[in-house]
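Colleague: Protein chains in written order, with our numbering: chain V, 1 to 360; chain F, 1001 to 1509; chain P, 2001 to 2310; chain X, 3001 to 3320.
Simulated from the structure, these hints should not be mistaken for laboratory data.
Please note that a few of the clues may not be correct.
Said to hold, decoys possible - A few chain F residues facing chain X, derived, Cβ under 10 Å:
(1) L1077
(2) N1092
(3) L1093
(4) R1114
(5) V1225
(6) G1228
(7) H1230
Claimed, not checked - Straight-line Cα separation of at most 27 Å, DSSO-like style, residue types lysine-lysine; simulated pairs:
(8) P:K2253 / V:K42
(9) P:K2234 / V:K42
(10) P:K2092 / X:K3085
(11) X:K3139 / P:K2172
(12) P:K2169 / X:K3085
(13) V:K97 / P:K2040
(14) V:K97 / P:K2309
(15) P:K2309 / P:K2172
Unchecked claim - Chain P is faced by these chain V residues, among others (derived, beta-carbon under 7 Å):
(16) Q98
(17) Q158
(18) V248
(19) A250
(20) N255
Every residue gets a Cβ at the ideal spot worked out from N, C-alpha and C, and that includes glycine.
Residue strings, one per chain:
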Amino acid sequence: MNLASLWRAAAQHRLFWPVTALIALLALNVPFTPGFFEVHLKNGHLYGSLVSIVLFGSPLILVAIGMTLVIATGGIDLSVGAVVAISGALACLVVSKQADQDSVAGVLLAFALALAAALVCGAWNGLLVARLGIQPIIATLILMVAGRGIAQLITSGQIITVNSDSYSLIGGGYWLALPFALFVVAFVAALSAALTRRTALGLLIEAVGGNAEASRLVGIRARRIKVMAYVFCALCAGVAGLMISSNVSAADGNNAGLWIELDAILAVVIGGTSLSGGRFHLGGTVVGALIIQTLTTTIYTIGVPTQANLVFKAVVVIIVCLVQSPAFRAKAFRARAKRSGPVPRPPGTPADAAHMEVSS
Amino acid sequence: MAEPRPVLEMTGIVKEFAGTRALSGVDFRLFPGEVHALLGENGAGKSTLVKVLTGVHPLDGGTVAMDGQTVHITSPLQAQQAGISTVYQEVNLCQNLSVAENILIGHEPVRHGRILWKELRRRAAELVTRLGLDIDVSATVGSYPLAVQQLVAIIRAVGDAGTGPGTRVLILDEPTSSLDRGEVEQLFALMRRLKAQGVAIVFISHFLDQIYEICDRMTVLRNGVLVGEHPVAGLGRVDLVKLMIGKDLDELEELGEHHTRHAAGDLLLHAEGLGRTGGIAPFDLDVHAGEVVGLAGLLGSGRTELARLLFGADRSDTGRVDLDGRRVTLRAPNDAIGRGVAFLSENRRTEGLVPDLTVRENILLALQAARGWTRPVPASQRDELVAKYIAALDIRPADPEVRAGALSGGNQQKVLLARWLLTQPKLLVLDEPTRGIDVGAKAEIQKLVVSLSEEGMAVVYISAELEEVLRLSHTVAVLRDRRLAARIVNGPDVTPGRILEIIASGEHR
Amino acid sequence: AKKSPAKSDGSGSAGKPITLGFSQVGSESGWRAANTQSVKDSAKAAGINLKFSDAQQKQENQISAIRSYIAQKVDVISFSPVVVTGWDTVLKEAKAAGIPVILTDRSVETSDPSLYVTLVGSDFESEGERAAHLLEKVLAGHTGTVKIAQLEGTTGAAPAIERAKGFAKIMKASHPDWKIIASQSGDFTRAGGKQVMAAFLQAHPDIEVLFAHNDDMAIGAIQSIQAAGKAPGKDIKIISCDGVHDGFVAMSKGQINAIVECNPLLGPQLMDTVKTVHAGKGSTLPRWIKTQESDYTADQAAAALPSRKY
Amino acid sequence: MSQDRRLPVLVTAGLFVLMFGFGAFRYQAYGFLDGQVFMNLFIDNGYLLVAAVGATFVIITGGIDLSVGSLIGFTTMLTAWLVEKQGLPLAAVAPIALAVGAFAGYLMGYVIHHFEIEPFIVTLAGLFFFRGLCLVISKESISISDPTVDRLAQTHVPLPGGSFLSIAAVVSLAVLAVAFYVLHHTRFGRRVYAIGGNEQSALLMGLPVAGTKIAVYTVSGFCSALSGLLFTLYIQSGDPLHAVGLELDAIAAVVVGGTLLTGGSGYVIGTLFGVLILGLIKTLIQFEGTLSSWWTKIATGVLLFAFILIQRAMTARRGT
Ligand SMILES: Nc1ncnc2c1ncn2[C@@H]1O[C@H](COP(=O)(O)OP(=O)(O)OP(=O)(O)O)[C@@H](O)[C@H]1O
Ligand SMILES: Nc1ncnc2c1ncn2[C@@H]1O[C@H](COP(=O)(O)OP(=O)(O)OP(=O)(O)O)[C@@H](O)[C@H]1O
Ligand SMILES: [Mg+2]
Ligand SMILES: [Mg+2]
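Here chain V stands alone, though its shape is the one from the complex (with noise of 0.2 Å):
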């Protein structure tokens, strides 16, 4: 009774869902990958089915966060991927200019300049939308057409590849054997979490997003959010195309982050954020793109054919997303227990009783 209680409590949660999907996801490999839970020590580092997912879905954690905050403003962004691409590109050029590669200056040097690329990114995307007021989609288009050029135009096109540990630790290194990607990310979301509810951003944000209008005649500088949201999204893109970078050593800027950008999205709204702005749940964000990042590591494990690689995964993606929606679940439920209430409801009705709140 307590122990249903307890559960009653836990079904409540904003999390349940998407965590229940990520673990249903993990344990669909158990029968393909015995050992998929197994974590074991391989020469100085963990190593293991679960530490590579972290590893590779870092990145996408990273853009993701960073495309929480754009969306609660009520925006999107679609130029993270050119944003990855460049930043990528840039440091990588840098270091492999560096006559010493390992030099950790060197190496500080470059991440500095292409953090420095991607801030300009980030304001040029936030001037468009919140000074032009272009519409953030086709704002940020620009951006991810003509920066996708740019990063091609830094690496000519070609594939730059360094040799340099140092470069390689954040993307692909590990510490305290663990993936050092991990505690970027960790450190990246902790930030947020705090730069967002320890101050008042957070809310300021929510209220931009919920009602603009509103927010204008409170005297809220709207403006200025959403560029710092723009800014942080892009600043975050930066670090996630270091990260891909130095994953594989070597700056690719004709593909680095290609689609990135959806994907991020999708994890966002996973994570329980809408995209008509307002309310945002980082912890959300995080595990949706966990989700994510899960489901193509299960697609390679499980051997699905090729050629089916993207029906199965917007099988999977519309399957969450479908348990996540109350609405649905209410059908589903109330198609098993036909107690026929004093009103049967015609499918419907339930998503209008939501929306309808506003106006009482």
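Fit chains F, P and X with the ligands to the known structure of chain V by using the hints.
Modeller: Below, chains F, P and X with the ligands without anything else, positioned relative to chain V:
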């Protein structure tokens, strides 16, 4: 004694929302050809009852019967088909469509599926004039102020009550909340006509005089419970109020005429030739600390526009403003806010509330915006402040963590008021603050205004109710055709009649 | 107007330099970039006035590019098809306008062979076969089953399909004991190769051979193999295609056992062909001018490395 | 007010003319002024126009449809497969393809409305799903040798002045006309705008919101399929990688045409100019003919930016 059969009978209606139980076992009967008042405090459950009836919210219990047969209405569309047309509390129109379309969408005149636009506009114009309104029906609804939109919503509902598939029941949820006498008269005339045609009308309002003027019978709710069904004639005001809020209401009387205790502080705001083309003609206005300046005028007279200019919500294109004797340029609201001006918009839904945020967050928003994002309000202080104002304004439910969107109309209004009081402004601009607020709360708010002004806060007060304006203000500014026609020092000799005279004639000695 | 002189008639009479309209697939990989560069350089060298456009991997772009070349009345049109099918309409228009067409890099399916003069490029299927033969060399002596993992290129892309086909063909023909136990797309990228390989190693710890459709994926995979505590090139033998510089570096370290060259530097050959065609001697050319390519094994790597230009 | 809302379209049209003039001046030497160059805009972008028209419906309701590109690709594959591998006549295949597309749209609309899942996500799943199905049908491209396809593809609709249009171009213009009529002269069309304006209000006004929303996605699905057929004519082949990322072009075209993604305002005519502008940007870059791969991308971005900037500047002056 043989009663006629009710056209609509709701029995044992139950409605639960996530936390709250909005309706518990309410019975409601409606007879053909009657105007039936649905009364109750804010949050009593009036709108919910309406929404449950019209299928916006699913029922959690009880039955609905029309002409004796049980009906299952599960969407507004079905309600309309069943002959129930409704004006919901918050104006629900499509801002992007023209007035004409908003009135007739769904019933557009068509030939071979092709919309006959001329015919459409003709019909709309006709319906509009029937309510004595003259506006360009091909302009978008969004270009008109709330009051006009409210009228359009009524015209839509009534429109198909006249033309549509034999409307039997007409529901009006606070239709008059921001209309003034002229429009209300027109509306009542129309209601009487429909009543004569045998249409049954549900009328929700917090204006008791209107209830006594137009209604035959009334049903009173309190906290979602039915507390009585009476013929209007049978029940006096005092008893009615007692029935609604469960306690006597003498404060209003004791409040008396405020302006008698006039305390003219030093000049706070001085506007000179301030104006905005298309909005309001250039005007001069002085507001002193501790002074209440009431804006009187008819619908569309420009009160809101004036108020918005004082706050920088719109940019003025002529004139200048001094605050505290210092010249200021009001480019955006936060220029004004920074100098202690606060503005409560008349349009709580689109310009006030952030529905997804909690009550607490909504209340704190203005203060937080002023402090900037780096300096959040300390938790302890925050909760204490919020609790204080929830109590002071008696916001229900008193839980700071509920979604503001889930509050009843009146309570949302209180939340917004709290939001601005929190910032302790020097000048408080209130555009129809008592819109949709129940008698008790209205008295509370009026008392609040009085005490605030006594503590030295300057107030610019807009209300569709002349009496209210006169009761509270030291100075009355009369607007007409979007220009400031007159400024009068309030006193015993200033009566609603006199104001209306000025509005009519447009000049005063 | 731009630097290139206006053309009144298509014939481009002796005085004027030849104008070549070249439509590139896109810039999806380092290989492609090298290919583009080579075309541009050799055009300059050959004094041919090049009109270049990049189709961003979209056939529709390539078609409209070709249309605009027709409208601009260039002397010769050349392009590396994004896909093998669907060119008839636009090629007919070119033919109608009397502009000869040369394909590069990969061929197209047409109803009417006269629609293009010749193809300058490599044969992906044979590359797949050569890869299989190289594997024979590498496995020299080894008998019994061989567990192979395959890193495919972008799903649906011609090189990916053809190389897989060629490899499978030989397997089927002469090596019933070779088994492809895992095969996924690494999108021709290092990141892709690395991620997929990491997953493979989890699910199939017993992989003995890796066939990667290009060097980049192989290089990515090598990193995963090392992370798994195995020795690339020894515990797991690796064969790949292309022969980009980094690939040779890896091979010289013994991490890749053999590479099938797929030469992107076909600019010079292309320009010669263009000249011949423009001189009206197109009929003398073979239908398919194959690019000179060779196979390399680890022992040749060090020697070949300095000479790699891409 | 109503003036203001038509302004973006007018501005877009004006800018298009301006840009075209610029091209004509810059490349007159290369026969840019040859009427055919202009007609090619329609020939080369007809299928995009059809897809964009479908997207316009969705976007006006405040939704979005990302499955466009994949559905087009899928239709090309399906058509090619049925015609070539199954030997069905095109006359039979075309209706099937259209029905499939419409049904796909219907399904997505149903899930979006009844299960309250964001359109972005549902249609994104659609994007993955149909791209996947392409590959499931066949990894390799299938060329169509069917004579009817050939004939349709080669047919030139002659125009005064020696220039010509393709069948696809003509069809796309017809679709545009129909869409315009539906949106502005039928109840359905007005409901689309109403929902975009305020879905709640539309519901409270007693409009059939569910039906309309689902219908809109069905329309978009249908348009994608039709666009896919036109694309098949244009390319005469099915390929699993056809039309990748086309949804973004479609959305961009719609938005550039002055339609708001927030829904409720916009005109299909604007979409036409949006498509023409994107097409023109491509054409200009091709005529420039000296741009490297990456400069092509950068130039595209810059032109798009310049264009939107001017559009903003010209429309903003009127708006509040
Ligand atoms: N969508 C909703 N979700 C949760 N609670 C709701 C919702 N709508 C109304 N309520 C609650 O139901 C109760 C009745 O609300 P309702 O709007 O019916 O009051 P009302 O009588 O119309 O008040 P007012 O006179 O202010 O309009 C209130 O406590 C309100 O908080
Ligand atoms: N009856 C009307 N006819 C035409 N326009 C109107 C009408 N009423 C208001 N307007 C428009 O509203 C604006 C001024 O109205 P405003 O809201 O400032 O007046 P108000 O006195 O505040 O009205 P309300 O009583 O609704 O608050 C002007 O732009 C005017 O065009
Ligand atoms: Mg109410
Ligand atoms: Mg007003």
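Colleague: Each hint: holds or not?
Modeller: Results for each hint:
{"no.": "1", "hint": "L1077", "result": "holds, 4 Å"}
{"no.": "2", "hint": "N1092", "result": "holds, 4 Å"}
{"no.": "3", "hint": "L1093", "result": "holds, 6 Å"}
{"no.": "4", "hint": "R1114", "result": "holds, 5 Å"}
{"no.": "5", "hint": "V1225", "result": "violated, 26 Å"}
{"no.": "6", "hint": "G1228", "result": "violated, 29 Å"}
{"no.": "7", "hint": "H1230", "result": "violated, 30 Å"}
{"no.": "8", "hint": "P:K2253 / V:K42", "result": "holds, 22 Å"}
{"no.": "9", "hint": "P:K2234 / V:K42", "result": "holds, 18 Å"}
{"no.": "10", "hint": "P:K2092 / X:K3085", "result": "holds, 25 Å"}
{"no.": "11", "hint": "X:K3139 / P:K2172", "result": "holds, 20 Å"}
{"no.": "12", "hint": "P:K2169 / X:K3085", "result": "holds, 23 Å"}
{"no.": "13", "hint": "V:K97 / P:K2040", "result": "holds, 25 Å"}
{"no.": "14", "hint": "V:K97 / P:K2309", "result": "holds, 19 Å"}
{"no.": "15", "hint": "P:K2309 / P:K2172", "result": "violated, 35 Å"}
{"no.": "16", "hint": "Q98", "result": "violated, 18 Å"}
{"no.": "17", "hint": "Q158", "result": "holds, 5 Å"}
{"no.": "18", "hint": "V248", "result": "holds, 4 Å"}
{"no.": "19", "hint": "A250", "result": "holds, 6 Å"}
{"no.": "20", "hint": "N255", "result": "holds, 5 Å"}
When held up to the earlier numbered hints, the structure conflicts with 5, 6, 7, 15 and 16 and fits the remainder.
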